[in-house]
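Take a look at the letters that make up each chain.
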Amino acid sequence: MPKVTAVNNEILYYRFDVDGDNFTSAGEASVQTKRILRRVGFPPEAIKRVSIAMYEGEINMVIHASGGVAELYIEEDRVVIVLTDHGPGIENVELAMQEGYSTAPDNIRSLGFGAGMGLPNMKRYTDGMEIETKVGEGTKITMTVNV
Amino acid sequence: MTVRELTEQAGFRVLSMPDGEREIEGVYAGDLLSWVMGRASEGQAFVTIMTNINVLAVASLLDLSCVILSEDAEAPSEIIVSAEEKGINLLKTELPTYETCLLLGSLL
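So the sequences go chain by chain: P and V.
According to the numbering used here, the stretch in the first sequence is residues 1 to 147, in order.
According to the numbering used here, the stretch in the second sequence is residues 1 to 108, in order.
Okay, chain P solo, but in the shape it has when bound (with noise of 0.2 Å):
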């Protein structure tokens, strides 16, 4: 389980780790994710669009950078996710944006992903999206989803 820190009364906050290298088990955070919205009553639409964006946001840690931790913010009106980790950092972040464009290696395609749609479709999925990264560090992807 997530550990769960009421920052103040307004916010609730969770930790995930997600573990790189465990393919099969990435989209637990997701998942549980989408529990806690649906017990704080958010809509479905809101709970779809944070639960798709965690889930590519992990997928992406476990591929490319061996793992990270994604955190959850829970506003009265919006949901902030933050993904940190210590992978290679993205090279050119215009270039990963596109559609189509990939740098994940050709046993992820075996198993269904590579389709240059994570980031994308992360940006699709929420009202904003910042991406800090450092070739070498890692990366810092923070996603704000207003309910």
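Don't read these hints as lab results, they were simulated from the structure.
Backbone N, C-alpha and C fix where the C-beta goes; we use that ideal spot for every residue, glycine too.
Misleading hints may appear alongside valid ones.
Some, not all, of what chain V presents toward chain P, calculated at C-beta under 8 Å [unchecked claim]:
# : residue
1 : Gln9
2 : Gly38
3 : Asn52
4 : Ile53
5 : Asp63
6 : Thr97
Got chain P sorted already, so can you dock chain V onto it with the hints?
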């Protein structure tokens, strides 16, 4: 049409059917899961040859009505157990993807 009705009329094999009364709202076919994630929509039947656990994550996150494994794709037993646990209808057919979609098109 519900998933149960479709299964009977199409002669699909049932691997898991925790929610047979679920209404099918269209069809999406594809094997690149991120592509499917970005384009399939709620309530659709999802035709694929992929049989790893991520297929269930896609089905669950998008709230798809069922997953239909075409081309007689072999599903590992843990996928079937997991589908049952996650409430995902998982069906199977020996028909190739195109013929599966044709059949769905004629029935739905």
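Hint-by-hint comparison with the structure:
With 8 Å as the threshold, the beta carbon of V:Gln9 stays out of range of chain P, its nearest partner Cβ sitting at about 28 Å, so the hint is violated. Because the beta carbon of V:Gly38 sits about 4 Å from the nearest beta carbon in chain P, less than 8 Å, this interface hint is met. A distance limit of 8 Å between C-beta atoms decides the matter here; for V:Asn52 the minimum to chain P is near 6 Å, and the interface restraint holds. Of the supplied interface hints, the one on V:Ile53 holds, with its beta-carbon coming within about 5 Å of a beta-carbon of chain P, less than 8 Å.
Against a cut-off of 8 Å between C-beta atoms, the interface hint on V:Asp63 holds, since the closest Cβ of chain P lies about 7 Å away. Hint status for V:Thr97 relative to chain P: violated, with the closest Cβ pair at about 14 Å, above 8 Å.
Against the hints set out earlier in the document, violations occur for numbers 1, 6.
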